[in-house]
Amino acid sequence: MAGAVQETPRVRTLLLDAPGWADHRAGQHLDVRLTAEDGYQAERSYSIASAPGEELAITIERLDDGEVSPYLVDEAADGDQFEVRGPIGGYFVWDASDPRPILLVGGGSGVVPLRSMARHRERVGSGTPMKLLYSSRTWDDVIYRDELETIGIDVVYTLTREQPPGWTGYARRIDRELLEETAWPAEQKPRVFVCGSTRFVDAAADGLLELGYEPGWIRTERFGATG
Amino acid sequence: MRDPRTLDGNAIGGLMLELFGVDLTPAPTTCGSCGAREEMARLDVYRGAGIVVRCRHCEDVMIRIVQGGGRTWIDLSGTSTLELG
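Residue numbers (this note's numbering), protein chains in the order written: chain A, 1 to 227; chain B, 1001 to 1085.
None of these hints come from the bench; they were simulated from the model.
You may find that some hints are simply not true.
Listed below are several chain B residues computed to face chain A (Cβ distance under 8 Å; list not exhaustive) [to be verified]: (1) 1017; (2) 1023; (3) 1026; (4) 1048.
Ideal placement from N, C-alpha and C gives every residue a C-beta, glycine not left out.
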C-alpha cells in the first residue's frame, strides 16, 4: 500500500505498489486476499479505480459487517502488504477504440470501474460521447464528486435517500422514466456498462431493455452484500 | 427477484483464471437444463462454503466449486458447453 484518499466517510481509495503488475484495462477488477495470523484467509474482489497507465488504485466501501472492507477502509496504512491477484476480467471492459456512444450507469460504489473508464477516455483524448447516470443515497455519499465535475463527461445524479437544500436533480431510484429522459436514444446503439448491487443492476438493465436497447449492448457487473 | 447477495460471474474471474489459466468471464456458456447461452460474467454466483453458479434464466445449478485441503473439486455437470477463444 502506497497511499490513500478518503473519498467519503465510508469510502477510501488505496494506491497500491504492486511489483510485476501487468497494466489493466478500464473496467477490470482485482482480488485482495488477507491472511490472518492463524492462517484464515478472506478474499474479495474490488474494481480498479485508476485508468490504464496510472498508478494502480482501488476504491473500497466499508460494509460494517464485512471481513475485509473495514480493514481496508479504516486500518490499512502505507507500507502494509497484502496479496492481490489480477487484473481480472475481459467482459466488463471498455476499449477506447470502440466508436459507439457510452452510457455508464452506477449505483453507489458501482461507480468505481466506470470512473476508470471516464479517466481512460480523458487520458487518451477520446472524443467518444460518454454519459454517467450515478445513483447515490445522499450528496455526501457521492464518490469522486469533485473529479466528476471536470472529467469532461455528462453526469446525471440521482439521490435516493436525502437531498441537499435546493436540490433540483433526480431524487429517486433509477426507473424507466428517468432512463428515458437521460439515456442515449436506442437509435444511437450505445454501449452500456452498469455496475452496482444486484437489485440496482437488474432495474437499470430491465429499464433500458424496455427503451429498446438490445441485451448485447449492455454489460453488467453485480456485487453482493459481502465485504 | 434475485437474492440481493447474488454476485455474478465477474466475481469468480480471478479464481477461474487461477484454475484454468484463461479469463473465462467473456466465455459463452450453455445451461445444461434450459439451453440458455450467456457469457460466464452474466451468470448468478453464490458464495458460501463453496461456490455455486446458476443459470440466470432457469436458475438451475451450472457449476459447483469446492476447495479444501489443497484440492479443488469442480462439478460442471449442469453446463453443456463452454466456449473459449
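Hint check results:
1. 1017: Holds. Min distance 6 Å.
2. 1023: Result: holds, 5 Å to nearest chain A Cβ.
3. 1026: Because about 4 Å separates residue 1026 of chain B from the closest Cβ in chain A, which is inside the 8 Å limit, the hint holds.
4. 1048: Hint violated; residue 1048 of chain B Cβ to chain A Cβ min 10 Å, cut 8 Å.
Of the numbered hints listed earlier, the single one contradicted by the structure is hint 4.
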